Each structure stands twice: as structure tokens, then as C-alpha cells.
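Q: Listed below, chain by chain, are the residues.
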Amino acid sequence: MDRLDALEAQSIFIFREAFARLKNLALLWSLGKDSNVMIWLARKAFFGRVPFPVLHVDTARKFPEMYAFRDRYAAEWGLTLLVEHCPPIEAVDPSLPPAARSAARKTEGLKRALAKHCFDGLIAGIRRDEEPTRAKERVFSPRALDGNWDVRSQPPEFWDHFNATLPDGAHLRIHPILHWTEADIWAYTKREAIPIIPLYLARDGKRYRSLGDMDITFPVVSDAATIDEILAELHETKVPERSGRAMDHEAEDAFERLRTAGYL
Amino acid sequence: MTTATDLDLTHLQERPLVRIVIIGHVDHGKSTLIGRLLHETDSLPAGKLEALKAVSARRGMPFEWSFILDSLQTERDQGITIDTSQIRFRTASRDFVLIDAPGHAQFLRNMITGAAQADAALLVVDAVDGIRDQTRRHAYLLHLLDVRQIVVAINKMDSVGYDPARFAALSADIRSYLGELGLSAAAIVPVSAREGDGIAARTPAISWHDGPTISEALDRFVAVAATTERPLRLPVQAVYKFDERRIVAGRLESGRICVGDEIVVGPAGVTARIRSIEAWPAPSGRDAPRTAHAGQSVGVTLDRDLFVSRGDVLAPAAQPAGVAAVLRSRIFWLHPQPLRPGAALTLRVGTAETRATVSAITETLDPGELARRQDGLLAANQIGDVTFVLARPVALDLHSDNPRTGRIALEYDGAIMGGGLVTSFDPPPRTAASDIVPNIPEISLEARARRLGHRGAVVWLTGLPGSGKSTIANALERRLLDRAMVPVVLDGDTLRAGLNSDLGFSDADRTENLRRIAEVAALLARQGLMAIVAAVSPLAAARAHARRVVGDGFIEVYLAPPAEVCEQRDPKGHYRKARAGGIADFTGITGQYEVPQFAELVIDTSQRTVQASVDAILEKLLVAAGAPSSPAAQR
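Listed in order, the protein sequences are those of chains A and B. Sequential numbering of the first sequence, starting at 35, is according to our numbering. Sequential numbering of the second sequence, starting at 425, is according to our numbering.
Just so you know, the hints here were simulated from the structure itself, not pulled from any lab data. Values in this document were obtained by computation on a predicted structure and should not be read as measured data. Cβ coordinates follow ideal geometry from the N, Cα and C atoms, glycine included. Be careful, since some hints might not be right.
Listed next, the stretches of chain B that the computed footprint assigns to chain A, with coverage defined by at least 3 CB atoms under 8 Å from CB atoms of chain A [to be verified]:
1) 663 to 673
2) 717 to 727
3) 832 to 838
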């Protein structure tokens, strides 16, 4: 069993635990490389179908290529697609820096979707290696009624026994690819021939490592025009993956504040 | 710059990935060691060191290596690590995940979360301070969590002038303590994380040390994988019926499985053969998989239509898993409220879970102070030998036979609050089910239903004493008799005088009481009769079991008048007696009633008349029994 086989087996186990323990699940589909891998893993776990809806929380500021990708593969993969539109920027905490404020729109959109559909579990494609606060996440992570994350009082999680009991109105975040790295995602995408948005591949000396809203996501300098070249680049680089995401860097605790307020 | 062509990418995915937990007493320098290790293995993100140095300067405090990990605002404010952080680095031969576990006693559950994921441990001990209570506690937990590879760093050697004698004395203490736990350190390394001695470099200050550096010692750790050396254990996560296939899904915790293998499904003990191993996407140009091995998540189909469900375990017919009705275990306990005999909780083994009652706590230990006690109470953060009586049998192994299927997690108060190793167990007292061949009735259910004009059903009335179960049961019985049906009332108290006279009121006995009632009710319903069960049935798990035994035609009716009304009615004088202390563990006063979540009907009998209540139940019952519904004509 190589490393990708082990990662895959663990993720499938997590998907099946979530499906067995929760009644009303949705998978958060950001259209990025990580959530595409998640959908692929869900189809493996459930033998070709995704037995719960996929939710796209739409800021209306994504790249056109992302919308094209969404509409094509929602149909091709037989997904039940739910789209939740985010509220305008004015509805968001004005004390946050501008880009973080923009990202926080997504949190509001998510809260609306939760209120509308009463999900008890949201499957999210975050990874421990992305960012230090994400390293502290559990696989099953309870969220309070207001969507907030209490990093201090997380219950223990060991031997793949996950906490799935919730007070009424609260929900769980489920993280099936928490243990994957950026390089794992690309190696698996290649091995399984999972479709990707072409913005990840270099054009004119630049490519996107991470995709978010058009106005707050920036390409990195790169000549990696194939997945193999991306893997070679990742092996060498020491630049963090989310360096092109403006909202992380405006203040040293900006990302943590977003997270405790319910951001992914 | 490396290019795709000269870098062997396949090889990168084949490098071993080893998870290491860093543990030790608070302030013994774990975070400092990690910061230094990441720096010396050239693993820090670009700009991270500079950024943190700048932040320190801005705050007017000297830079500390520990800032690299303590990157949460809250942590820096408090100066201690509050949860496990994970960070990656690599050496020439391996990729590593470093799990930083908090040293502070109140965060033990986070230490456990971190250490349970680890293949190996790095135990940090202060050269001045020596072995302290958290050092002992963490080492003890390594033993319970099955972490067997250990390297010890004796840190802050600069504070003892790099004294070889101090190092030797402390090393001897540590080896002796680990030895008592059945553990042994692969290496003990003199280190100054702050000064950079012994981490990756054998500096002049520790030139007398003839063992490995920390990074050399870590490079000898191996990843612990699920083993094919032991017999197959496949705990069932779910059975999927998305299409015509009935797929049993789960992960192999040990062993291997092949198409055609004869397997036994525990705890029931029934056998079948593996018909297929299912996979998506369907392999193109190749045959479907014929085998699978430990660690893989699979789906299989069987050659017979067995009743298999979540929590069952597939094993080789010749090497079945054990079946436990009572189990003894060595556990850690994390809930602030001490565990005591009589406590009821949910016990999980693999994907199985059952209600369980603590029947004995024979010995407890504070692993920090190494103080043993026999007062029968297991306090938070302590280790204890605990016996559980299970509400229904589960398939498992002794920890010594199979670590992955011989360990338990305990859920209390809605969260996982303990766990440990199965040290022994007793099977259920009855004959093994595999020896019993049920007689297949010659008259089919359908033939009976045609003759009677309806199928049988079970109305299960649950609620506090005094909620009106007997009254409703009797009225419903009369009404059904008027409709020429055959009702049978199974009254909990009445049955306790005969069929169940050997049972008391412990959780285990209550569960057995209800199991028998459910079996009798199911038997009656299969003959086309209408079984009306009137039983307090306070445990949700027992009611769920009854629902499973009966199958279709089970109607759970929760009679839910306010508790004060029940006590005021007190038809049998039990409340008065219980208040006076005459009845221990009386449901509604001292005993817990678990409110039904999925009842077909909830009736507040303080608000509705007996007739209106019976009307509502009858409506559901007639639908469930497939009987014509014209109650007016029959009255």
C-alpha cells in the first residue's frame, strides 16, 4: 500500500462514518483542486454516486473558468448541486481588513445555507498543512449554533472514533482530507485523472496555486504547465500555498479570526 | 532548480511517512525543540523565521524558537500549547509529521488526540528538572495508546554545563521508568534546543555523547501500518443498497480477504462466502479486484442474504473474533466527573457501539504521582481497570491478540471521554447462535395475513411510571377486540412476575427484560396478533433493539404527560415509596429516562382523553397492519 492508497483508504473511512452518523449532510464544493479530490473520494466511498448534495457558496466573484467547470461536472458526475449566493459586502463585520471582509461574505453565505437546509454535517476540504490554525482541527469538528469554532474546548478524537453527538441546531464540520498535503492532492489528481480547472497550470510564467475570489486571489510566478511540473515545483518551494490569498496576510491573526467566526 | 524530468516523482510518494508526537512536562522545552528541529532540517516556510523575529521585536520581547509553533494568538498570550499542532518536515530518507502535544495537565485530552495518531514519540525531559508528573503521565499513556517507538531528548543540557554525569544519571532513571511500563527508548540524546546542540549537529559541547543526534534517531523510526500478519477483521461501517447490489462496506483492520473466502459475521456467528469485491471506478480492461488487504477501505458482497449491519465484524470462519457480553479493560478517563460503578455510558469497539454499565472498578492509578487506589472511583486523567456489562454483545479481540480490534472508546455525556485496551472478556451465557437452526414455518406470513385480513403489529407504549401506559393498553385492547382482531397486552410489571422474575433493575437487567418482551411481541406479531407492550423502557438503545427485532409493523408511542402529573397520579404508590427512599434507581426520580427521538406518536395524556389517545394509535396501527380503516363503522 503506497502513501496515496493509505490516504485514500482513510478518507473513504471518514466519508462512510459521516454518512452513517449524520442525517443531513452536504459537501462544500469550492470548485478547487481539494474539493474536486473530495468529490472523487466520495464517489469511491459510495461506489460511483455522491449520496448527499454538494453546496457551492457563491460569492459571484469567481473566475469564469470555475463556473464553467462547476456546471459541466455537476452534470457529468450526477451531483445534486445547491448554490447559495452570498450577501453584499455591507453585511459583513466592518472591523475586518478589506480582503478578509470580502472572504467573510462567504461565511455569511454559509450561515444562510445552514439556516435554509438545516444541515447537521458539512464536509469541507481543508488540510492541516495549509495553514497553522487548520493544523489544530479535528476530523469531526463541532460548530456552535452561530457557526463558531471553539479551538479551546475540542473533545478528544482517537483511533478513528469521531464525536458526532450535537446539541440541537449545531452542526459538524467533517474533514475527510485533513491529513493530505498539497503534493498529495496533485499526485492523486494525476493518478486518478481527476479533471482540474486550467488556471492551476502555468501560462505566461504564472499560475494559481489556490483559487478564491478573482479580486483577492493572485497568481504565483511559475513555469509548471503540467501536474508533474507542479509536483517538482512543490518539492522545492518554501512559499506557502495560501500566499496568493490576500485575506490571510493583512494582520497576523486575520485568518484565525475568520476561522473562529465560522470560515473554513 | 529540479525539473520534473530529473526528479523521480513516483519515488516521492513511496517515501515512508512517519508521525511523531512530541511529549513531556510543561516548560521542558518541547516547542523550542520543534522550532529548532524545523530550522535545522531546513523545513521552515520562506520568511517564517524573519516574520516571527519581526513580530517579537515589535512586541519588545526576545525571539524564542517556540514562537514558530505557537503561532496562534491565544497561545502566545498564555505561553503554553493548548492543542495539538501538526507540522511537516523531511530528512534524506523520510517524511515526517510532527505532532506537538500540550504538556499542561488540563489539556490531556489533546495530548491523547495527538499521541493516538503517532507512530513514534519524542519524549522531552528537562536536564535540571528531571522526571516530573507529566513526564510519567505521558509515558504511561504512550503505553496505553500503543506507541512503542520512543526517543528521549534530555533538553537544556546547557543549564547543567553539558555534564555527562547528570546525563547518565537521568538516562538511568528514564530507562528504569519506561521499563516498568514495558517500553524501551531507542535512544536517549543530550540536547540543548536553544543552543542547537544534539538536534541535527553533534556539537563540541556534547562530543562525549556516542549515540545518535535527534534527527539521526528520528530517521530510524518506521511507520506503523495495519498488519496482514493477523487474521482478517473487517468491522462493518454500513450496508449500502444504492442499486441491486447489497454492499457491505468497511475497512480491513487486519488480515486479507479474497473472493470465495468463507467468513463469519460476528457477533451473530453466521457464515457466508465473499461473492465479490466492489470498486469504483470499475477497472477498465482488467478484472474486478479479487483480493484486499489490511488498511484498505472496501465493499464486498456475500453469497447469502444475511442480516449484516453496522458494528458487525467479518472474520475468517476458522478464526472468528471474540464475542463479549462483559469486558474488562484498562482505560484512561477524561471527564471531570469521576466514573463510578453503576454508571451507564456508550462503549464503542471499532464501528460497534452499545450501552454499557460499569460493574466494577478494581484499581485506579494516577500516572503522574504513581499512586494506586482501590476506592472504586476513576477520576479525570487517571487510569483504571474497569469491568463493563454490555447491553448487547459485540465482536472484538483481546488487545494482546489484535491491538486494532481490542481497544475501546467511551462516550459519556455526548462526547468521547475515555478509552483503553480490552484485557479480558466473557461471552454471552446462551448457546452460540450458530448451533441453532430456526424452524421455517410452513404457513407464510402472507397466508396468515390473507386469512385474517391484516398483518400483525406491535404497539410499544413507553413513558414514565404513571404516564398512562396500562390504561391506554387496556383501552386499546378492548377496541381491537371489538374489531375482531386478536390483541395481547404485554405489561412490563405483569411479565416481571413470571417470565422475567429472575431480573432486577440494573441497566443490564432492564435491557434483558426488554429484549425478552421484544422477542415475545415479535413472535405474536408474526402470527398476525396485535401485541401491545406497556413498559417504562427508559433506555433508547433497548427500544431501538426492540424495533430491530420486530422490524416492520413496530409503532413506538411515547406517552408524555409532564413528570409532575405522573408523580401526582402515582397509580401504584411507587413515587411515594421512591421519594421516601424505598426504591433505588426509580425511573422518573433517581433513574434516567431517555426521551424517544423517533417515536411514531407522542401523546400528552394530561391533554388528551383516553379515547382520543386510542383513536390516534389505532389510526397508525391500522395502516401498519394493512387493515381497512373504518373505525366509525366498527364502534
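Q: Now, for every hint given, state plainly whether the structure supports it.
A: Structure-based check of all given hints:
1. 663 to 673: It holds: at least three residues are needed, and the stretch 663 to 673 of chain B offers 5 whose Cβ sits within less than 8 Å of chain A.
2. 717 to 727: Holds: 5 residues of the stretch 717 to 727 of chain B have a Cβ under 8 Å from chain A.
3. 832 to 838: holds (count 3)
The structure fails none of the hints (numbered hints given earlier).
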